[in-house]
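**Student:** Below, each chain spelled out in residue letters.
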Amino acid sequence: MSNIEKPVYLEEKLEEIQASGHLEYRSKSLPTWCPGCGYFSIVEGLTAALNNLSIDPDETVVVSGIGCASRFPFFIDTYGFHSLHGRALPVATGIKVANDDLSVIVVGGDGDAFAIGGAHIPHAARRNVDITYILFDNGIYGLTKGQTSPTSVLGFQTTTSPFENHDMPLNPLMMLLSYGASWVGQAYAGHPHHMAGMIEEALAFKGFSYLHVLSPCVTFDKTSKTYQNLGMSVRPLPDDHDRSDVMAAMAQAQKTDAPALGCYFEQPRPTLADGLNDIAARAAK
Amino acid sequence: MQRNGKKATDLQIAICGSAGDGTIAAGDMVKRAMARAGYKVIAFDVYPPEIRGFGKCISRVRVTSEQVFSLKPKSDVLISLDDSHAIPHVGEVKDYGAVIYEDMPVTMVPEGGHISGHLLSSHLPYGVPFRELSERVTSSARSRNIAVVGYLAGLYGMPRDVFYAVISDKFKTKPAVLTKMSIQTFDAAFEVGENTFRLDEGVLKPPPKKAKHGELVMMSGNGAIAKGCMDAGLDTFFGYPITPATTIMERLAVDLPKQGKRMLQTEDEISAISAAIGAGYTGARAATATSGPGFALMSEMMGLGTMAEVPVVIFVSQRGGPSTGMPTKTEQSDLNIAVFGAAGDGQRIVLAPTNVEGCYKCAGKAFEIAERYQTPVVVLLDLYLSNRYEAVALPAKNPFAANCSKPVGKLGKDQPYHRYALTRDFISPRAIPGDKGRRHAVTGLEHDENGRPNDHTHEMMSRKRHEKLHSVVRYPGITMSKRFGDKGKVDVAIIGWGSTFGEILEAMIIARDEGIRCAAMKVVLLSPLPMEPINALLADAAEVLVPELNYEGQFANLLTGTTGRAVTRLNRVPGTPMHVEDIVDEIRRLAAKKKGRKALAAE
Ligand SMILES: Cc1ncc(C[n+]2csc(CCOP(=O)(O)OP(=O)(O)O)c2C)c(N)n1
Ligand code: SF4
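Those sequence lines, one after another, are chains A and B.
Residues in the first sequence are numbered from 1 upward in steps of one, following the working numbering.
Residues in the second sequence are numbered from 1001 upward in steps of one, following the working numbering.
If we strip away everything but chain B, and leave its shape as in the complex, we get:
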């Protein structure tokens, strides 16, 4: 995996303003238009923690011609819609990067309040009277964010038609005049941009191939989860609002009823998962979505799902914790509770996608797996993955199978049905209410094959509940783990999970460009772990690095606990994604360490 650096497009735009400036909307237009044009796009918005009038919003969009896996620490362009918020971000603009801002007479700004006074000598300043421009075309400053987008598009030679399409789409339900005026604003600003002095290398190269309509869609992680749910035929969803999971519920509240399916907002997370388990018990596909605090409340019910063997899917978008923690900041600190969080030793299935496309896959497959193994499946996301946008290509054909439950089949005369019958694969044929003559009770008490409370069966039934999960590592149609980079022996292996894997992959590519032999592995199935590929990688690696966004190294603990191999941990909890550079530094350090050892041995 090598990047042919110079010739490729790689433009990261940061738009910064107050809530109400249309900052996020501007970013949204750029990312949708660029995906339409066939570029790879990855984008992440940061909202203010409080719903207060003038909080800071930043929308970052990275546009590339080749697949990338994370945002860059430095942006190529900073657009300020509000200088007071944008000034602290001037430092994130790279050398010879552009800063685009509202040009105002100095007399209108307090001392030090204008961004132009904060630029470094290596920055290219573009002061443009956007307010005036917007007012001239629409006689209102409200389309200022569209003017900004038009200017950006002109300056960087972006194709116009994709923006027209995105703007028409955006105002589809509004009076037609709005679309017309918006496009006029866009065009006016585009022409200004086009005719401004610019560095040639800044101009966008055409995408490798233009996307066919509908091929690439911009989707957030949570959007992809909702889409995966719909494509997998989700019947019922129960939820209680919590950042950053709420948007899954809000999407499904619109999409489910359209298919005659159901969404219910419950009184709390305990009810949400209880109802989902109740629905799962009837044979329906059922899910809930939450974040840390709600997930903590769900623990007891997940234990019941394990014991009573009821399928249910729980989406957990992690945020900073413990407790209420940092609702609008990302973190990966709910791995422990996902894998271990309930009374007793009930193993459960935990999946963690690493990118937006993975969200779609994991969401749909989670229903198949929950049904097949008759147990709760947790899909771990995090705020960064939930809220970030990527241009994804969805499969043309729905990839998910309906009903994967093990059928009861024909029973002999007088042969009673046993809900928890012991079988060779430890999965019992499953009847549901309404099935004739298969009446039984499910329970959270330890029970016999018939579901009757019984303590003497505990050894046998514990084995059943654990053993039945083993084959999930080979479940078809989903990548449970994947190795990238150098084959065979490597100096450094980086193992990761969740959204951080994007940064890991970027870091690995940089390290390999520097000549370090290294490989990276993403682990999607976090419980039960795919031991075979993990052990194979560990055997190949002189040093093992595990970067994750939690304080103790929850995944590192899991790895060391199951393999006995000591690993180097890289833990950060800034509430933001990990810096690629931090990972690269650590890879370099470990590679040097290995070299040092070799040299010592040679002496």
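Isolated chain A, as found in the complex:
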């Protein structure tokens, strides 16, 4: 799973992409992200996954909050809802409550999710809203030009922590596991093929699936979560990892120095829509 797997030739790559069909999901607008930003590979991964699963773009909504990551709906050709900072999950919940037939994918940054939007994550998870939440964690506020985020490491220096960051970073995987998320996984933007596979798995899962993607902000973070640092520290989950064992998943999630990639936990259970259908059936009696 190395960064450079084989030499890439432009023509070959273009042919390969066109043949794959997943260009269909790409919007006509070019992403406005900085060259090298990890987010590019997430668009690539999601379009590939949608294509592989033959998900109808007319029946798909990508919902986001605000941030660099949240610009995502403009760069993909499905229905899109670019909402408010921190509010993607409740908007997505409303969409699913109103129309459960739609495939809903939520994207956003770490600030959007764990700072301003932190109150919504436990509830989307516990209700098991049937959506896929792809969280782009760059450990920094990108759109507002480089401030400290809830996942910034201790000692990190930014414009708002010019001396150093003293606030313990959150552990999103631990949080999601304890919130009762029914599918929890981690990927790395520097391993696009693996990530595309993880996105596909998360999309295919029925229920609330949370994919944490480590993704460098090349413009504002030169020291912490860089391609170099992450590339050296990430590792696959052990082969014998049991994804039905929440304690094993938590033990892996504790190892933040060497983030493990893969599916940590999976436990199908009735979704929010199942619950609401059940209520309607009882009420009809």
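It should be emphasised that the hints constitute simulated quantities derived from the structure, not laboratory data.
Hints may contain errors.
[To be verified] Only pairs whose alpha carbons sit at most 27 Å apart, straight line, appear in this in silico DSS-like list of lysine-lysine:
id : chain 1 : residue 1 : chain 2 : residue 2
1  : B       : Lys1594   : B       : Lys1489
2  : B       : Lys1413   : A       : Lys28
3  : A       : Lys285    : B       : Lys1258
4  : A       : Lys206    : B       : Lys1436
Given chain A's structure and the hints, the job is docking chain B with the ligands onto it.
**Tutor:** Structure of chain B with the ligands alone, referenced to chain A:
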């Protein structure tokens, strides 16, 4: 509009007791029975602010043969189920009014603790051993409140059958013996009441015409909102509990799933409106309901609804503020936040019904309007309107239209769909997720017609968002404003909104009876304002009075700001409805002022 005073029935009953005495339940029986009998009824319950064992409850019910618009400051009857709570209310009983209370041996009550010692010489005392009566029939004192109701019915010559029907209805799901025993208690007390000395004028005149079954129903403002939502085909409701809006959510939690529709209790008000907007985006009819503190949290999302052009309906039942304020007291102080409360200059649509029937109408129409104009619609209520009961006649045919969205129609080959396309009426044809080949993103960023982020379009798009709302003043099937009273030139015009309009109308009727030329206007559409009728009234009026339950005069500010006309403000914030007498006094003062000016000019 004149009242033929003497011959008509106008009986206001106040029942006062502790939580647990069945006070509210007794009031409920009276109002339902009287509505069934064909009388006009208006009722308002006051609960204790704390959920504490023995807090004071008062249920006030006004029964009339002609339509009235508010409760009276003085009641004709006070019924005490708990003297310690009722004693402070003795003063609200009118002269020759009745006070009905539990008759107890004096030795059982502490000095000064019995209500009989507090009555004025002009009151008619009716001490009745209700506890004993109830125990004699049901061998329990628990049906004491039914005994009280029976006695009242007997004393005032109310028809029995309507009470039987209400009692059977009340115990419908309980063992049949309960209904039987309750009716026995009622009858026993009725006979005592019937055979008590009473003033003839007290006896109820028969209603003008007996209501057909189901014609008049007792409904609270919040009940009417829920009914309006259901009749308008509400698909999804999201809410977070808050007094006095919670009962809307509780009603819908029962009614929506019965139709296969959905109610979700969210983690906070931000999520509630976010989810409602998410649902609205899919083409579903979606709503939330809240009060001041929750409404404050919703501001940012309402701005998104305006910018992204997503329909959603927000019911706001106002209570005393700012901040947590007075959760169980009424006020009209969220007009500013409803009309202006969000970042940027996004205009929104604000409707404020003035009575229970209006709640039903506004609720249903709000969905049509939100859909038609693709924007949030706020329906402003207040605690007094939410919780008060009126006998309303619902239309026989569902008055609300389904899907009012502007359809996309056929697009030419290679003609792309633009979500925010500029059109002559500034309303864009709307596609929703699932529509084939109409993919687009909606956003809170300023955007071009295609929905792509773009700052250069701001001038044009701001115009679109404002202009599209102008025609809402003419939206069919709903009264946006209405003038009552004298036509043509008037000495005093009273303009009002929300529940206070009931008191305004009563005050206007009294002032006209005194020979003052005056007119009253209710404004239901508070944003954008129906300028034409407002300006016409202002042109007719020598003096303009704006009574409202807030400190600064939020509606007065709005009126003066849009018309440039200085108005006289009448502001009260007691947490209770405005007193009709206060408004009448102000009308008299203004009318005299005008006369004075005239006299001066003549000299
Ligand atoms: C209510 C509100 N507060 C603040 C902002 C400003 N803001 C926009 S994006 C952002 C943080 C973005 O960081 P993150 O969510 O981590 O996403 P990234 O840009 O790193 O992808 C902030 C604070 C806003 N848009 N809305
Ligand atoms: S600022 Fe950082 S996160 Fe934002 S686009 Fe640039 S590299 Fe990506």
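**Student:** Does each hint fit the structure? Answer for all of them.
**Tutor:** How the hints compare with the structure:
The suggested pairing of Lys1594 (chain B) with Lys1489 (chain B) holds, with an alpha-carbon distance near 13 Å, which does not exceed 27 Å. Taken as a hint, the Lys1413 (chain B) and Lys28 (chain A) pair is honoured in the structure, with Cα atoms around 18 Å apart against an allowance of 27 Å. For the proposed pair Lys285 (chain A) and Lys1258 (chain B), the alpha carbon gap of about 8 Å is at most 27 Å, so the pair holds. About 24 Å separates the Cα atoms of Lys206 (chain A) and Lys1436 (chain B), which keeps this hinted pair within 27 Å; it holds.
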